[in-house]
Every structure is written in structure tokens, then in C-alpha cells.
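Numbering (our numbering), first residue to last: 1389 to 1546.
By construction, these hints were calculated from the structure, which means they are not laboratory data. Source: prediction; values computed, not measured. For every residue, glycine included, the Cβ atom is placed at its ideal position computed from N, Cα and C. Hints are not guaranteed to be accurate.
Said to hold, decoys possible - Straight-line distance between alpha carbons at most 30 Å, and here's what the computed DSSO-like set of lysine-lysine pairs gives:
| hint | residue 1 | residue 2 |
| --- | --- | --- |
| 1 | Lys1538 | Lys1499 |
| 2 | Lys1393 | Lys1499 |
| 3 | Lys1487 | Lys1451 |
| 4 | Lys1505 | Lys1458 |
| 5 | Lys1499 | Lys1458 |
| 6 | Lys1505 | Lys1487 |
| 7 | Lys1451 | Lys1505 |
| 8 | Lys1487 | Lys1393 |
| 9 | Lys1393 | Lys1458 |
| 10 | Lys1451 | Lys1393 |
| 11 | Lys1458 | Lys1487 |
| 12 | Lys1499 | Lys1487 |
Claimed, not checked - Here are the simulated distance ranges between beta carbons:
| hint | residue 1 | residue 2 | range |
| --- | --- | --- | --- |
| 13 | Thr1493 | Gly1526 | 42 to 50 Å |
| 14 | Gly1400 | Arg1514 | 38 to 46 Å |
| 15 | Ala1457 | Gln1407 | 18 to 26 Å |
| 16 | His1461 | Gly1517 | 20 to 28 Å |
| 17 | His1406 | Val1529 | 21 to 29 Å |
| 18 | Ala1511 | Tyr1443 | 19 to 27 Å |
| 19 | Asp1390 | Asp1418 | 27 to 35 Å |
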Amino acid sequence: MDQLKIWGQRLGAPVIAHQPGADAGAVVYDAIHASQSRGMDLLIIDTAGRLHTHYNLMQELAKVRRVAAKRVHRAPHETLLVLDATTGQNGLSQAQHFKEAVEVTGIILAKLDGTAKGGVAFAIARELGLPIRFVGTGEGVEDLAEFDAKTFVEGLFL
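With the hints as constraints, model all of the structure from the sequences given.
In C-alpha cells form, the structure reads like this:
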């Protein structure tokens, strides 16, 4: 949560948060209310660091989705899963579980600045039909970019 607050300050974006351990559904409910009250047209809900092997946390994600859907027509409009490119083919299993639990619509492939080539992107696209929306190559704002398939494939051969 501290990291989100820091990023919010850097970007000039408000961050709505409760105390650690608060009910995730309540946080989402309050965040939607606050964003609507302030006339905002975009709300990013970050559920941070969930493992697909933890049943209770996956159920909490499903609850977050239900709360959003009740508060905003046709929400959530996009559900992105951030995958660590260094996880390799285990990323496919993670993506499958998250897709089943919360209807993931796209992937952010992070940590492509290291030795990982992100080959799991091919498996995710082929097996799950999920597009890679963004790639992360560092920790700065400018290090998150829209996914470009041609650039990605060229990078595999460097």
C-alpha cells in the first residue's frame, strides 16, 4: 500500500486506501464512491501480490469483481493480470487460474528488463487467448509501455 501511495504522489493521482487487512470489497466500494463523487472517469483497483494457489485470496478477488460490477454498469471494464516475466512457463498456470477466478482480459508482462525473454507470452496468447497489453522494463513511469508484438519478437533474437 505504501508503494501505491508513493506512485500516486509521483503521478498526482489520488489513492484511496484503508488500513492493512481491511475488507477488499469495502475498499473497492469506497474507492468507486470516491471516484464518482470527484467526477473521475478512471479508477484503477490494485489488489497486489496474490498467488493463484491461495484459495481465500482468489475468492477475495472474485468478491472485488462482484462489488465493482454492482456499483458500476458493466464493470470492471478491463481486468489485467501482472505477470513476472521471470516465472517462465509457470506464468501460464497462473494466468489460467486468474482467468477462471476473475475473468482476466489482458496481461501486463513485468520485469522484461532482466534476463527473462517473456516467452510465456506466446503460450498465454495461444492457450488462453489473452492479449499482452503492456510490458514493464524497469521501475520508472516511462518503463511501462504498450505491448508491441513486432518489437517483442525482435527482442527475442537479440
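Status of the hints after comparison with the structure:
A hinted pair counts as satisfied when its Cα atoms are at most 30 Å apart, and Lys1538 with Lys1499 qualifies at roughly 18 Å. About 21 Å separates the Cα atoms of Lys1393 and Lys1499, which keeps this hinted pair within 30 Å; it holds. A C-alpha spacing of about 14 Å is found between Lys1487 and Lys1451, which places the hinted pair at or below 30 Å, so the restraint holds. Taking the CA atoms of Lys1505 and Lys1458, the gap is near 39 Å; set against the 30 Å cutoff, the hint is violated.
Restraint check for Lys1499 and Lys1458: not satisfied, since their Cα atoms lie roughly 34 Å apart, outside the 30 Å limit. A distance of roughly 23 Å separates the Cα atoms of Lys1505 and Lys1487; the hinted pair therefore holds under the 30 Å criterion. Distance restraint check for Lys1451 and Lys1505: the Cα-Cα separation of roughly 34 Å exceeds the 30 Å cut-off, and the hinted pair is therefore not satisfied. Under the criterion of a C-alpha separation no larger than 30 Å, the hint pairing Lys1487 with Lys1393 is consistent with the structure, at around 28 Å.
Only pairs whose Cα atoms come within 30 Å are accepted, and Lys1393 paired with Lys1458 is accepted, the gap being roughly 26 Å. Restraint check: the Cα-Cα separation between Lys1451 and Lys1393 comes to about 23 Å, which is no more than 30 Å; the hinted pair holds. At most 30 Å may separate the alpha-carbon atoms for a hinted pair to count; Lys1458 and Lys1487 meet this at roughly 20 Å. Taking the CA atoms of Lys1499 and Lys1487, the gap is about 21 Å. The hint holds against a cut of 30 Å.
The beta-carbon spacing between Thr1493 and Gly1526, approximately 25 Å, falls outside the hinted interval of 42 to 50 Å. Separated by about 39 Å at the C-beta atoms, Gly1400 and Arg1514 satisfy the suggested range of 38 to 46 Å. The hint said 18 to 26 Å for the Cβ distance between Ala1457 and Gln1407, and at roughly 25 Å that hint holds. Between His1461 and Gly1517 the CB atoms are about 25 Å apart, so this pair conforms to the stated range of 20 to 28 Å.
A beta carbon spacing of about 25 Å between His1406 and Val1529 agrees with the range 21 to 29 Å that was offered as a hint. Between Ala1511 and Tyr1443 the C-beta distance comes to about 24 Å, which sits within the given range of 19 to 27 Å. Here the CB-CB span from Asp1390 to Asp1418 is close to 19 Å, at odds with the stated 27 to 35 Å.
In terms of the numbered hints stated before, the structure departs from hints 4, 5, 7, 13 and 19, listed from lowest to highest.
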